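Asks: As a plain string of letters, each chain reads:
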Amino acid sequence: MNWQGLELSILGPACLAGFLVLSTHVPLGQQVLARGIIFIDLAIAQVAALGVILAQYFGMDEAGYGVEIAAAIAALAGGALLTWTDRKWPDLQEPLIGTLFVLAATGSLLLLANNPHGSEHLKDLLVGQILWVSVHQLIPVALLSAVLLAVMWWRRAQLEGLLFYGLFALAITASVQLVGVYLVFASLIVPALATAGLSGPRRTVTAYAIGACGYVAGLVLSAMLDLPSGAMIVWTLAGCGIVARMLLAVAPSKRIDTSVAA
Amino acid sequence: MTDKMHKYTFLLLLLCAFATPQAQALNVFACEPEWGSLLHELAGDAIQVDVGTSALQDVHVIEAKPSLIAKVRRADLIVCTGAELEVGWLPQLIRQSGNSKVASGPGYFLASDQITTLEKPAKLDRSEGDIHPGGNPHFQMDPYRMLAIAKALDARLAELDPAKAATYKQRLDDFTTRWQTAIKGWEAKAAPLKGRKVVVHHWSWIYLLTWLNMEQIGALEPKPGVPPTSSHLASLVDLTKASNALAIISAAYQDPKPGQWLSERTGVPAVVLPFTVGGDDRSKDLFGLYDSTIDKLLAVAK
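Residue numbers (my numbering), protein chains in the order written: chain A, 1 to 262; chain B, 1001 to 1302.
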């Protein structure tokens, strides 16, 4: 057991980053699950990484906002492409997303054949390390999350076509760089999956509670057991999801809801 | 009454005198195991050492753990390789720790600043692969550079902790004597390796090869950090066969498969060297690291 990493100043920024990611990913995750396109986050993340590598290929400096803009443009283009395929071949959307994922991933490898620094950046983009997050890095993400949440609130459940894919692309691009692809996937899918039987605000509140519990427990456990934080949080998220599922099955749903909300 | 009080004051002071050296022991964070081992040679139990990475991981990239930040936070001194080896994580680690003592100045010791590095590029160009502008950072396998670093590190310990300067000096003298004797032994023993050719995995052996007068004829990675293409591998197979190479060497933390692949096609043995302290069973300290490395090369030279 290890108590030395258990400090708010070490775990605090990572925890805030997790809550920011959850704020947009919990509602988006329900959409993703309903549409049955769970690998879309991997595909969009890879397309964003491909955009960064392309920008560097054409001589853009790897530091600064240019890279972020390149990632966002590529992700939006990927989102537009998926909107189009969704309209054209709705039954084939999931395999098309899978194909886009491998094309973007291997396209990066081909472009990087002679650029090792790009591969470091690719790894940063995909694996992102939640513990390295600094508070000033969170400010633009917080602003973006607020805008995305406002749009989602304004449109309610009617996130269709380009609006859905565009919102999704921007949310994923920001969160992947902050916490990495594994955590993004878990934050999207696990709370939505664990609350699959519920609906409306009750589902959203329970899903947020599962997510928050997973992040806090994961960070605390990673400090105490001295294990990498990102991977630990994925497991505690899944653990919180299973516990929530069991409570929902055993107890009348109303009681659970109030206990979670409290 | 006053006498008694004086007595107590004296006792209290005496207690403090004994208690303080323990309480003031320097906390040192070493980025790699070789610096942890060197610190142990130079200071023994007089300092508290935390080592950030192990011999079985690639120090270009590490996983972020809360304990790493906590260790850097309480450090009075960090000892790292430098030459951009840790550029992917050390700046973030120092920033997250919020410890200004080790961000620069005497608390920030880079081994690469104490020596001249090899393969310092004349021009910086991405097309040349993963090169470090500060030169090749894998100099822990050159015993002479290690000795120069030991002297500089000892001076730094004495500067930060003058009360124990005598201990540090005495331990440095002792280490220097043993190290110089060992160098003579290694050089005599490694004589059969002179002039022999090797293929390397990553470009991390230049200091060892230069010291032992060996020659690198090729690398599995065509440029540092760049994965091989099929045409590169084909020419490497021909080159390895044609030049009577002694071995294909890789480090303990690397995937042994590429080396074995080349070995199967050329008949040249693939050798995994410890690379740093902890890389194999014998490499328990710096002496063991060098003993094991040379013995493993000699084993295939027979």
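Read the hints as simulated data drawn from the structure, not as lab findings. Predicted model, so just to flag it, every value in this text is computed and none were measured. For each residue, glycine too, the CB sits at the ideal point set by N, CA and C. A hint or two may mislead.
Unchecked claim - Only pairs whose alpha carbons sit at most 25 Å apart, straight line, appear in this in silico SDA-like list of lysine to any residue:
1. B:K1101 / B:L1118
2. B:K1223 / A:E160
3. B:K1223 / A:K88
4. A:K88 / A:E160
5. B:K1223 / A:W3
6. B:K1101 / A:W3
7. B:K1223 / A:T83
8. B:K1164 / B:K1296
9. B:K1101 / A:E160
10. B:K1296 / B:S1231
Said to hold, decoys possible - To list a few chain B residues with every Cβ distance to chain A over 10 Å, as calculated:
11. E1063
12. A1064
13. S1067
14. A1070
15. K1071
16. L1093
17. K1101
18. W1186
19. A1188
20. G1195
Asks: Each of the hints needs a verdict: does it hold here or not?
Replies: Hints, verified against the model:
1. B:K1101 / B:L1118: Cα-Cα ~30 Å, so violated.
2. B:K1223 / A:E160: 48 Å, violated
3. B:K1223 / A:K88: 45 Å, violated
4. A:K88 / A:E160: Given pair K88 (chain A), E160 (chain A) holds - Cα atoms ~14 Å apart, limit 25 Å.
5. B:K1223 / A:W3: The given pair, whose Cα atoms are some 43 Å apart, is violated under the 25 Å limit.
6. B:K1101 / A:W3: 23 Å, holds
7. B:K1223 / A:T83: 41 Å, violated
8. B:K1164 / B:K1296: With a Cα-Cα distance of about 39 Å, the restraint between K1164 (chain B) and K1296 (chain B) is violated, given a limit of 25 Å.
9. B:K1101 / A:E160: 53 Å, violated
10. B:K1296 / B:S1231: The given pair, whose Cα atoms are some 30 Å apart, is violated under the 25 Å limit.
11. E1063: Its Cβ does come within 10 Å of chain A, the nearest being 4 Å, so this is violated.
12. A1064: 4 Å, violated
13. S1067: 4 Å, violated
14. A1070: Non-interface label fails for A1070 (chain B): nearest chain A Cβ at 4 Å, not farther than 10 Å.
15. K1071: 7 Å, violated
16. L1093: 8 Å, violated
17. K1101: 16 Å, holds
18. W1186: Non-interface label stands for W1186 (chain B): nearest chain A Cβ at 33 Å, farther than 10 Å.
19. A1188: 39 Å, holds
20. G1195: Holds, since 31 Å exceeds 10 Å.
The structure fails hints 1, 2, 3, 5, 7, 8, 9, 10, 11, 12, 13, 14, 15 and 16 (numbered hints given earlier, in ascending order).
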